[in-house]
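Undergrad: Using the sequences and the accompanying hints, generate a full structural model.
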Amino acid sequence: MTFPDEIEACLPSLRRYAFALLRNRDAADDLVQDTVERALSRRHLWRGDGPLRAWLFRILLNRFRDDRRRDRASLAVVGTMIEPPVSGGQDDHLDLREVHEAMGRLPPDQRAALLLVGLEGMSLGEAARILEVPEGTLASRLGRARAELRAMTGRAGPRGERKATET
Amino acid sequence: MPDMDDAALLALRHGSEEDRARLDRMAEGDPALRDRLAGWDRQDAALHALYDPVAEEPLPERLTAPLARPVDPPRRLWPIAAMVAPLAIGIALGWGAARWTGDGEGGADSLLASAIRAHDTYVVEVVHPVEVPASDKTHMTKWLSKRVGQQLTVPDLTADGFRLVGGRVLPDARGAAALMMYEDDQGQRLTLYIAPEPRQPETALRFADKGPTRGVWWVEGDLGCAVVGDLPKDRLKAAATRAYDQLTGA
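Protein sequences appear in the order of chains A and B.
Here the first sequence stands for residues -17 to 149, numbered as in this note's numbering.
Here the second sequence stands for residues -1 to 248, numbered as in this note's numbering.
Any given hint could turn out to be false.
[Stated by the list, open to error] Under the rule of at most 20 angstroms between Cα atoms (straight-line distance), these lysine to aspartate or glutamate pairs were calculated in the EDC-like manner:
hint : chain 1 : residue 1 : chain 2 : residue 2
1    : B       : 231       : A       : 48
2    : B       : 231       : A       : 49
3    : B       : 235       : A       : 49
4    : B       : 235       : B       : 200
[To be verified] Anything over 10 angstroms on all C-beta distances counts as not near chain B; from chain A, calculated:
hint : residue
5    : 32
6    : 33
7    : 35
8    : 115
9    : 132
Please keep in mind that the hints were generated in silico from the structure rather than gathered at the bench.
For each residue, glycine too, the CB sits at the ideal point set by N, CA and C.
TA: Here you go:
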C-alpha cells in the first residue's frame, strides 16, 4: 500500500474518533482534513516505525489541543447533534442518548483518552504513546472518565439526581 | 483482590493479552469484580453503538481528494518546480499588492501570506531548500542584506533547537525579500521571511495562522518580518521572540 492509501484506510476510524471527540460533524471533518494535510506535508518526518494509525491519531490530537488552546470558544459551539439511536430500556444496555450527553460533559482530556481505548480499541500502552503521557497517568484518567460516565448514566446512584444538578 | 482500584483494573483490561487473561481469572471467583467489568463493557458497547455508524459512512470527497493528489513528484521535476515557484509567488504577490491598504492589517495580511507561501513552497524541498547553505553564512548575510537593502542579522535560534539551514532571495511586491530556513533535530523546519515594508506602522509581535502552518509577524523600521512553522504555538512564539529580539537589537 502506498502512503496515501494507508492514510485512507485509517480515515473511517479517524472520522469516528473526531466526531465522538468534537461532537460536531463539520468540525470533526475539518479536524480530519487538517490531519490528512499535515500528514502529507510532513510525511518526510514519518519514519515508518510503528503503525501509521498511531502517528495520525497523534497529529489529530495535537491539532485538537492546539485548537482548544487557541480558540476555546469555537469548539464550545453547540454542534449539529446527531440523534443517537435510543435503546429499548433493557437493563443490560445503557441509554445511548444519556451516554452521548454524558460524554459531552467529560473533560476533553478524559474524553480523548476513553475514546482511544473504549471506542478505538487501543491498548493502554498505545494510547499512552499517542497522548504522550505515562501509562499510570492514563490509567488514572481512564478510571476517572469511566467513573464519571457511570455516575452520569445513572448506574451509580439514584437515576437522574446528578443530571438535574448539571443541566 | 477486591481492593484493586479502577486504574489498576483498567490497566489490566486494556493491557496485553496476558493482562486480560489474568483479569478474567480474577473475575471468576469475584462477582463484585464481574459487575464492575460488565459495567465497563456496557460503556464500550454504548460508545460503539453511538459512533460506529460514522466509520461506516462513505468518505467525503474533501478528505479523499488530498490523497489523490500526487504528493511525491519524481526527483527530476524538483529543479523545474524550484524555478516555477518564485514566478508563481511573484504573480500571487502582484495580486496581493492590489489589496495593500497601508493600514496594519492589510499590510500584515500580505506580508504573512507571502511568508506562508514561501514557507510552504520551500520547506518541502529536499534537494534545494536554500540557495546559500549555512556553511556560507557570512556570504549569505552580506548577500541578503544587499538585496533587501538593509543590514540584516541572521538570528541564532539554537537555544530553541533550530539550526540554520541557509537562505534565499525571493521576489516580493515591495522588492527583494529574504528567506532564512532553520531546522531542528526532528527535521521540523521553520522559516524567517524578511521583506521591505516602507511606511508601515511598527507593530508588536502578532500571531496568526492559516491551515496547518502558523506565523508570527511584526513590522520594525522599514522591514516586515514573519516567522512561519508547523509548530505548537508556544514553541513558535519562543523562536519568533528570539528572532525578534536579535533582529531589533533588543
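Undergrad: Hint by hint, note whether the structure agrees.
TA: We went through each hint and held it up to the structure:
1. Simply put, residue 231(B) and residue 48(A) have alpha-carbon atoms about 7 angstroms apart, close enough for the 20 angstroms limit, and the pair holds.
2. Note on residue 231(B) and residue 49(A): the hinted pairing holds, with a Cα-Cα distance of about 10 angstroms set against a maximum of 20 angstroms.
3. Our distance criterion of 20 angstroms between C-alpha atoms is met by residue 235(B) and residue 49(A), whose separation comes to about 16 angstroms.
4. Simply put, residue 235(B) and residue 200(B) have alpha-carbon atoms about 18 angstroms apart, close enough for the 20 angstroms limit, and the pair holds.
5. Every C-beta of chain B lies more than 10 angstroms from that of residue 32(A), the closest at about 15 angstroms, which supports listing it as non-interface.
6. Against chain B, the non-interface label of residue 33(A) holds: every CB pair exceeds 10 angstroms, the least being about 16 angstroms.
7. Non-interface status of residue 35(A) relative to chain B is upheld: no Cβ of that chain comes within 10 angstroms, the nearest being about 13 angstroms off.
8. The claim that residue 115(A) lies off the interface holds: its Cβ sits roughly 13 angstroms from the closest Cβ of chain B, which is beyond the 10 angstroms cut-off.
9. For residue 132(A), the condition that its CB be more than 10 angstroms from all CB atoms of chain B is violated, with the nearest at approximately 6 angstroms.
Hint 9 from the earlier list is the only one contradicted by this structure; the remaining hints agree with it.
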